[in-house]
Amino acid sequence: GDSVTQMEGPVTLSEEAFLTINCTYTATGYPSLFWYVQYPGEGLQLLLKATKADDKGSNKGFEATYRKETTSFHLEKGSVQVSDSAVYFCALSDPGGGADGLTFGKGTHLIIQP
Amino acid sequence: DAGVIQSPRHEVTEMGQEVTLRCKPISGHNSLFWYRQTMMRGLELLIYFNNNVPIDDSGMPEDRFSAKMPNASFSTLKIQPSEPRDSAVYFCASSDRNSPAHTEAFFGQGTRLTVV
Chain X
17 GDSVTQMEGP
27 VTLSEEAFLT
37 INCTYTATGY
47 PSLFWYVQYP
57 GEGLQLLLKA
67 TKADDKGSNK
77 GFEATYRKET
87 TSFHLEKGSV
97 QVSDSAVYFC
107 ALSDPGGGAD
117 GLTFGKGTHL
127 IIQP
Chain D
62 DAGVIQSPRH
72 EVTEMGQEVT
82 LRCKPISGHN
92 SLFWYRQTMM
102 RGLELLIYFN
112 NNVPIDDSGM
122 PEDRFSAKMP
132 NASFSTLKIQ
142 PSEPRDSAVY
152 FCASSDRNSP
162 AHTEAFFGQG
172 TRLTVV
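Chains as they are written, first to last, in our numbering: chain X, 17 to 130; chain D, 62 to 177.
By construction, these hints were calculated from the structure, which means they are not laboratory data.
A couple of the hints might just be wrong.
To be verified - In silico SDA-like pairs for lysine to any residue, Cα to Cα no more than 20 Å straight-line:
| no. | chain 1 | residue 1 | chain 2 | residue 2 |
| --- | --- | --- | --- | --- |
| 1 | X | Lys122 | X | Val103 |
| 2 | X | Lys68 | D | Glu165 |
| 3 | X | Lys122 | D | Pro122 |
| 4 | X | Lys122 | D | Ala149 |
| 5 | X | Lys122 | D | Gln170 |
| 6 | X | Lys122 | X | His90 |
| 7 | X | Lys84 | X | Val103 |
Whole structure, please, built from the sequences with the hints as guidance.
The following block contains the structure:
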């Protein structure tokens, strides 16, 4: 079945550092890929998405490129802020594989220190 | 739209009691999902509905769990009887299968359930 693997956390960085959170996937169909963010005590919010190979999703300075050849969707940001501290989830949706709903990675807790 | 609304936000109950979690999806959305989040297992899809009809409940852990969607604007997730291992945050999400972005799901703020 479908699965998402992302780097374990917590990831601790200093403010203005470069961020990469790795994400790889397996899917039977042609999935759409997502990054969701969860701030403390809140639900998940969509951060960015890409629906086909080579698409780049971007939002709030974050970027991720859909790489079919490496089955990856790594999240990057050039200069992180304290307010970026949250849990980040990589996810895929693969209706062509026979199921609705999102398959999530386990989440990466990001901590940004001033 | 106010987004996906879940209630209650927090629930503390004793083992053996019945627990009912509620969800109001975004108006016009025709898919609804229930997820459970724990430290050990992360986010798990429990069940989802399309047009109020349950499509896949293979993620429901046991017969103690049941979910209903009597109409397009309301769903419940019930646990009877509850056990301490059911303690988790339960999320409801909805999406519009008819839109080009149908795969994007919108989440509620979750219900934090503690069974003592």
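Hints, verified against the model:
{"no.": "1", "hint": "X:Lys122 <-> X:Val103", "result": "10 Å, holds"}
{"no.": "2", "hint": "X:Lys68 <-> D:Glu165", "result": "14 Å, holds"}
{"no.": "3", "hint": "X:Lys122 <-> D:Pro122", "result": "18 Å, holds"}
{"no.": "4", "hint": "X:Lys122 <-> D:Ala149", "result": "15 Å, holds"}
{"no.": "5", "hint": "X:Lys122 <-> D:Gln170", "result": "18 Å, holds"}
{"no.": "6", "hint": "X:Lys122 <-> X:His90", "result": "15 Å, holds"}
{"no.": "7", "hint": "X:Lys84 <-> X:Val103", "result": "25 Å, violated"}
Going down the numbered hints, you'll see the structure goes against just number 7.
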